[in-house]
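Trainee: Listed here are the chains, written in short residue letters.
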Amino acid sequence: MARHVVAPAREIPPGGRKRVEVAGRAIVVFNLGGEFFALSDRCPHKGGTLSQGLLTGLLESSAPGTYCYTRRGEIIRCPWHSWEFDIRTGKSWCDPERVRARNYPVSVEPGARLVEGPYTAETFAVTVEDDYVVVEA
Amino acid sequence: MNIEVRQPLRARVERVKPAIVDCDVHPKATLEAMRPYLAKRWQDYLKTYGVRSRHGFAKGYPYPKGTPQAARRDAWPQGGGLPGSDLALMQAQHLDHYGITFGVMNPLSPSGQGEQNPEFSAALASAINDWQIAAMNARDPRLKASIVVPYEDGEAARAEIHKRAGNREFVQVFLLSRTAEALGRRRYWPIYEAAVAHDLPVGIHVFGYSGWAMTNSGWPSFYIEEMTEHATASQALVTSFIMEGVFERYPTLKIVLLESGFAWLPALGWRLDKLWTRMRDEVPHVKRPPSEYLHEHFWVSTQPMEEPEEPDHLMEVMGWIGFDRILFASDYPHWDFDDPFLALPPALSDQQRTAIYAGNAHALYRLV
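First to last, the protein sequences are chains G and C. Each residue of the first sequence is one higher than the last, beginning at 0 in numbering that gives the first Met the number 0. Each residue of the second sequence is one higher than the last, beginning at 0 in numbering that gives the first Met the number 0.
Treat the hints loosely; a few may be bogus.
Dumping the calculated DSSO-like pairs for lysine-lysine here, alpha-carbon to alpha-carbon at most 30 Å [what the hints assert, rightly or not]:
no. : chain 1 : residue 1 : chain 2 : residue 2
1   : C       : LYS64     : C       : LYS162
2   : G       : LYS17     : G       : LYS45
3   : C       : LYS39     : C       : LYS58
4   : G       : LYS90     : C       : LYS162
5   : C       : LYS46     : C       : LYS162
6   : G       : LYS45     : C       : LYS39
7   : C       : LYS273    : G       : LYS17
8   : C       : LYS39     : C       : LYS64
9   : C       : LYS286    : C       : LYS273
Simulated from the structure, these hints should not be mistaken for laboratory data.
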């Protein structure tokens, strides 16, 4: 798998997301409080575009009448059928083993390292002063 | 909201695009957009009194829809307006993107259906019919219109069908599933009489404002129950059509069930047949096993298709209904939209797939 520089890190602030094209594949990159995650942008259920979905939390209940809302901002809901996916793993909540969005290793690298290669940044210039999101795909 | 029309992915580009007729497309008008097609009297009425559905709630839906406007979150036009209101977005995101050759428009609301004032109901239905032609069909003839009728008034509905049927851009008569009485009852027969007179199928789309709670034990608690209830409501209306003798009276009547699912149909047929053998003399006008009427007079649309764990079960259900009776439908732009390229079961033969995508709809709707 090649490593691709997909965006300056400041372009995806905490809570933000960005759809990128990497080697012909649509990928959505999330920034969760400074941690970055990358998923295939195509919903594994029926093909909706995950990056256009609602970013939400996980609602659970141990019994009727009680509820627990956790993991705020860590669940992406497909804009079509509202399937919920964990942005950390790509697994769906309802059928985690069979229906999962592919996830990709992602890191933030300082520009000073990237300008030395062997990275590819096709659409923008990399400068030594900035940090960049790098997706392995 | 960030709107981006999806780029075709590689796998899609390589595949030859099949001809697709989409039998359930929802264009969205507003009362403001319909105003030019209303007489001054009704424009004034609308301003003073507004619309009043047969439900007791004052505004909005009985159940929140899960997503705003029950729409795909990527279907909101960038320039404002509601999903389904912008023809250019509908073309780019749906018709052109998937190569839809024809789309049958099923306007849900506002459309006058279920409006309490019977004359206003008729005026609004007529206005939405004008709007379908002027705002959509005239600008993109792939989009065929439905004759929206004020169905609680059989005579007014009959008049609207006669008024529109000469225009072949109207391809069906359009009803909703939740009505004041079961749809087989005689008050609705003028609709069927006019439909068969013009050889138009009658499409019945789920939802509507009947004035009744949507289950026979009242109002359920959740939207997920409302979505499930469409299957039981549709069983009741299918049963009503058969048991009231509608098909004996109108032997060429064709009914299309839109968005009701269909896996419940075989079980309904079995149950009806079993009871008919024991109680046939209660309904002597039902001359044949009920499932025969079911097979002869009903078509179903694909979306939302049941998704059994075992894919073969879906194929068996489809086989019982008949591969010549199933019509492709996407439900664009609603949240439970089916992607035309992915929706149909892979196990279908090429012939079955072609029939469901387009052939059955061409034969039924006589599309030109």
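Trainee: Hint by hint, note whether the structure agrees.
Mentor: Quick rundown of the hints versus the structure:
no.	hint	in the structure
1	C/LYS64 with C/LYS162	34 Å, violated
2	G/LYS17 with G/LYS45	21 Å, holds
3	C/LYS39 with C/LYS58	24 Å, holds
4	G/LYS90 with C/LYS162	54 Å, violated
5	C/LYS46 with C/LYS162	27 Å, holds
6	G/LYS45 with C/LYS39	47 Å, violated
7	C/LYS273 with G/LYS17	58 Å, violated
8	C/LYS39 with C/LYS64	34 Å, violated
9	C/LYS286 with C/LYS273	14 Å, holds
In the structure shown, a violation is registered for the earlier hints numbered 1, 4, 6, 7 and 8, in ascending order.
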